Amino acid sequence: NAGVTQTPKFRILKIGQSMTLQCTQDMNHNYMYWYRQDPGMGLKLIYYSVGAGITDKGEVPNGYNVSRSTTEDFPLRLELAAPSQTSVYFCASSYSQQGASEAFFGQGTRLTVV
Amino acid sequence: DAKTTQPPSMDCAEGRAANLPCNHSTISGNEYVYWYRQIHSQGPQYIIHGLKNNETNEMASLIITEDRKSSTLILPHATLRDTAVYYCIVRVYNFNKFYFGSGTKLNVKP
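Quick note, the sequences are listed as chains A and B, same order. Heads up: the first sequence is residues 2 to 115, going by my numbering. Heads up: the second sequence is residues 4 to 113, going by my numbering.
In case anyone wonders, no lab produced these hints; they're calculated from the structure. On a predicted model such as this, the values are computed, not experimentally measured, just so you know. Each hint should be verified, as a subset may be incorrect.
[What the hints assert, rightly or not] Computed, partial: chain B to chain A, Cβ under 8 Å:
| # | residue |
| --- | --- |
| 1 | C15 |
| 2 | S31 |
| 3 | G32 |
| 4 | G46 |
| 5 | P47 |
| 6 | K100 |
| 7 | F101 |
| 8 | Y102 |
| 9 | S105 |
[As the list claims (entries may be wrong)] Simulated pairs of lysine-lysine, DSSO-like, Cα-Cα distance not exceeding 30 Å:
| # | chain 1 | residue 1 | chain 2 | residue 2 |
| --- | --- | --- | --- | --- |
| 10 | B | K100 | A | K58 |
| 11 | B | K55 | A | K15 |
| 12 | A | K58 | B | K108 |
| 13 | A | K10 | B | K100 |
| 14 | A | K45 | B | K55 |
| 15 | A | K10 | A | K58 |
| 16 | B | K72 | B | K6 |
| 17 | B | K6 | A | K58 |
| 18 | B | K55 | B | K72 |
| 19 | A | K45 | B | K108 |
| 20 | B | K108 | A | K15 |
| 21 | A | K10 | B | K55 |
| 22 | A | K45 | B | K72 |
| 23 | A | K58 | B | K112 |
A virtual CB, placed ideally from N, CA and C, is assigned to each residue, including glycine.
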């Protein structure tokens, strides 16, 4: 059972480059999320999606874009990488159900922008 | 979502119970209390959640005060592998977003 899978695990980008962080889940969850975590800090919500075709901004959306064309996939796009985007990025998914909707997290993508 | 307040760090002896407090004095009636933990830099892991009643599962127990303004996560017999950052989160059960605070760094010592 794969759960939430993120690729790549590590990446170094130059300032101004673009890249897409991939996230896929095989649990048929309708909700998916992207978080970033700076060193020594808690997680900050970037974007989230409540289902295919529906996305919305979280706490720190600037510099990022997302799309949700399928239930399984929720890629995060960085268009013009900046050093401030150096962080660990976590994707998560959850299922909306009565009484509980715990989120399952991927193992993260460690991104360095130089 | 209601804000939470947690101590930045705590120590616990291996084999003893670890009691991690969380203050959520502005919690609303339809908001649940969730606990997650993050070991090293791995993805956060769900531990337990509750609304009003105390809850127990194979990992931990959750004690919520009667006024729901605070809660305590209890790890009954802490091991070295329980060393992690523990996050207390409150949210409406069916609401879209989880907001993480700074958490409590639990250090389990031999």
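Hints, verified against the model:
no.: 1; hint: C15; result: 21 Å, violated
no.: 2; hint: S31; result: 16 Å, violated
no.: 3; hint: G32; result: 15 Å, violated
no.: 4; hint: G46; result: 3 Å, holds
no.: 5; hint: P47; result: 5 Å, holds
no.: 6; hint: K100; result: 6 Å, holds
no.: 7; hint: F101; result: 6 Å, holds
no.: 8; hint: Y102; result: 7 Å, holds
no.: 9; hint: S105; result: 5 Å, holds
no.: 10; hint: B/K100 with A/K58; result: 10 Å, holds
no.: 11; hint: B/K55 with A/K15; result: 50 Å, violated
no.: 12; hint: A/K58 with B/K108; result: 29 Å, holds
no.: 13; hint: A/K10 with B/K100; result: 24 Å, holds
no.: 14; hint: A/K45 with B/K55; result: 27 Å, holds
no.: 15; hint: A/K10 with A/K58; result: 24 Å, holds
no.: 16; hint: B/K72 with B/K6; result: 11 Å, holds
no.: 17; hint: B/K6 with A/K58; result: 19 Å, holds
no.: 18; hint: B/K55 with B/K72; result: 10 Å, holds
no.: 19; hint: A/K45 with B/K108; result: 18 Å, holds
no.: 20; hint: B/K108 with A/K15; result: 33 Å, violated
no.: 21; hint: A/K10 with B/K55; result: 39 Å, violated
no.: 22; hint: A/K45 with B/K72; result: 24 Å, holds
no.: 23; hint: A/K58 with B/K112; result: 41 Å, violated
Violation of the numbered hints given earlier is confined to hints 1, 2, 3, 11, 20, 21, 23; the remaining hints are satisfied by the structure.
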